[in-house]
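Asks: Sequence:
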Amino acid sequence: MIRVVLAVLLTVALLAAVTPAIDESRTSRTAIHLNRVTERVARAANSLVAHEDPTAPGVPGARRLVRLRLLERSWTAVDASLWVDGEDDQIGYRLAGERPHRTTLREIDLRTPNGPIRFDAAGRYRLELSLVRADGVGVVVTRG
Numbered sequence: 833m834i835r836v837v838l839a840v841l842l843t844v845a846l847l848a849a850v851t852p853a854i855d856e857s858r859t860s861r862t863a864i865h866l867n868r869v870t871e872r873v874a875r876a877a878n879s880l881v882a883h884e885d886p887t888a889p890g891v892p893g894a895r896r897l898v899r900l901r902l903l904e905r906s907w908t909a910v911d912a913s914l915w916v917d918g919e920d921d922q923i924g925y926r927l928a929g930e931r932p933h934r935t936t937l938r939e940i941d942l943r944t945p946n947g948p949i950r951f952d953a954a955g956r957y958r959l960e961l962s963l964v965r966a967d968g969v970g971v972v973v974t975r976g
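Residue numbers 833 to 976, in our numbering, belong to the letters of the sequence shown in order.
There may be inaccurate statements among the hints.
To be verified - So the derived label-pair ranges between C-beta atoms look like this:
id, residue 1, residue 2, range
1, Arg872, Trp907, 24 to 32 Å
2, Asp855, Ala888, 44 to 52 Å
3, Gly893, Ser857, 37 to 45 Å
4, Ile864, Gly890, 32 to 40 Å
Read the hints as simulated data drawn from the structure, not as lab findings. Every value quoted in this text rests on a predicted model; they were computed, and no experiment measured them. Quick reminder that beta carbons are idealized off the backbone N, C-alpha and C, glycines included.
I would like the entire structure built from these sequences, with the hints used as guidance.
Replies: Written out as structure tokens, the structure is:
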């Protein structure tokens, strides 16, 4: 009986010691994943500006598709949301319980015609980026 009690106490103590490390690794893994997503969106926008010619709004032209995935909450990932804000030329994300992380795209006029694009639930998504000439040249981002 004493061995069982000691085994239970030891298990509880080990779990208490390991839980903060698990939470930290879940947060880090999700942040790394979302940093990669924001880098891919930034690279696609930069590629359009550097290599393509802008078109008039509504005219088909060069575009870039960025596929992304928000991870489902699990032992290896935390809840997160992602957004693209054309007003501030930012791509950002927020991990559960953390402050928002923002990446401002310098020298690129991001445009989100219907307001900021938000992804709040786990799943697979697609962004479509196109280079448009209207009131200057801008990278229009829409849900693909």
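Asks: Run every hint past the structure and note whether it holds.
Replies: Status of the hints after comparison with the structure:
A beta carbon spacing of about 26 Å between Arg872 and Trp907 agrees with the range 24 to 32 Å that was offered as a hint. Here the CB-CB span from Asp855 to Ala888 is close to 50 Å, well matched to the stated 44 to 52 Å. Look at Gly893 against Ser857: about 43 Å separates their beta carbons, and that is inside 37 to 45 Å. A beta carbon spacing of about 38 Å between Ile864 and Gly890 agrees with the range 32 to 40 Å that was offered as a hint.
Taken one by one, the earlier hints all hold for this structure without exception.
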